[in-house]
Amino acid sequence: MNYGVVSQEQLEKIDAILTEKLIKIGVDCVIIIDMAGNIITAKDNGTSKYDVYSFAALAAGNFATVDAMAKLVGEQEFSLLFHKGTDCNIHFSKIDDELLLITMFGKNISLGFLRLNVVETIERIQKLWG
Amino acid sequence: MSFINLREKIVQVKIVYYGPGRGGKTTNLEYINRKFSKQIQSEMVSLKTHGDRTLFFDFLPFNMGQIKGYELKIQLYTVPGQVKYNATRKLVLKGVDGIVFVADAQEQMREKNIRSLNQLHENLRDYKESIFRIPLVLQYNKVDLRNQGIPILPISILEKDLNSKLKVPSFEGSALTGYNVAETLKKIISSTVVSIQKKLQ
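Going line by line, the protein sequences match chains A and B.
The working numbering numbers the first residue of the first sequence as 115 and each following residue consecutively.
The working numbering numbers the first residue of the second sequence as 361 and each following residue consecutively.
Keep in mind the hints are simulated off the structure, nothing from the lab.
Note that the Cβ used here is the ideal one computed from N, Cα and C, for glycine as well.
Treat the hints with caution; some may be incorrect.
Straight-line Cα separation of at most 25 Å, DSS-like style, residue types lysine-lysine; simulated pairs [unchecked claim]:
id, chain 1, residue 1, chain 2, residue 2
1, B, K450, A, K208
2, A, K127, B, K369
3, A, K157, A, K135
4, A, K138, A, K163
5, B, K546, B, K398
6, B, K450, A, K185
7, B, K398, A, K163
8, B, K444, A, K185
9, A, K208, B, K454
10, A, K157, B, K369
11, B, K454, A, K185
12, A, K198, B, K428
13, A, K138, A, K241
14, B, K488, A, K185
15, A, K221, A, K157
16, B, K488, A, K208
17, B, K558, B, K428
Restraint-style ranges between C-beta atoms, simulated for each label pair [unchecked claim]:
id, chain 1, residue 1, chain 2, residue 2, range
18, B, S516, A, D158, 50 to 60 Å
19, B, R413, A, L230, 39 to 49 Å
20, B, K520, A, E234, 55 to 65 Å
21, A, F192, B, R485, 26 to 36 Å
22, A, L230, B, E471, 49 to 59 Å
23, A, M183, B, E467, 33 to 43 Å
A short, non-exhaustive set of chain B residues, derived as facing chain A with CB atoms under 7 Å [said to hold, decoys possible]:
id, residue
24, F363
25, R367
26, S402
27, G455
Only chain A is shown next, with the shape it has when bound in the complex (with noise of 0.2 Å):
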């Protein structure tokens, strides 16, 4: 896969699946980064303002550390990585070894129902690259 240079048709597409699937069900934010911490894509609902570029940073070394902790203990991976907070969280999942999406909601979403959409946003993002 090459992600260096993603075409705006590409862009778009993730774009509007990102604002379908996780946007409309109340997302705050969603971010998607490469391991590397560049952002690839960032989509909010309009009134929340993260400082996305920094965000990136520690999310993806966030990530890479528990990746690591996960070998440690003879774990290929943990999957899943949520943060909990009294009025955001932070959901971590991983589209492919490069890719990284990451959503934050508030507490009007169960984690149940994000996961899901999550999971489905996950599958159409790779199909874009097949």
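Dock chain B against chain A, hints included.
For chain B alone, coordinates are given in the frame of chain A:
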């Protein structure tokens, strides 16, 4: 690897400051953060221990303006310099586009500089990158200590130790006073941009 967003015309470039512990990597970024505050829209992120040592990395996003219609976003990172943190150093190097090696010019640090540079070579090899191909700039930091009577290695020795095979641009520097910090940064940005342009052709 740099990421290019064709729709929004943004190029993201990852530059890592690497080198032995207490060599001045974080101080370089702190100086840049103070000096170029207009080009920096968010706060510098530092993951450090209670003793103020870098634990994971520092991160500073830096806007360079436009080049050929593309907005250039430079992401500056440091690695933790302490020997025991090589696993995290390696994580930070993932997808790196350009490296500044910050050597400590004090005489007593001679061995540590060489060891750190050798480890950089090995870490890059693990990512199938080569220290001879990746854009690299050397900075011989702390030359200001000369004025305080602290023994500093002559540049000729530093060049022989660290740059005899690499033959990359190098600067004397003082991260604390800012001497050649901006020059080092400019040089690595231009080398990295040229290298990305070549890759895209």
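Review point. Which of the numbered hints above does this structure break?
Key: 12
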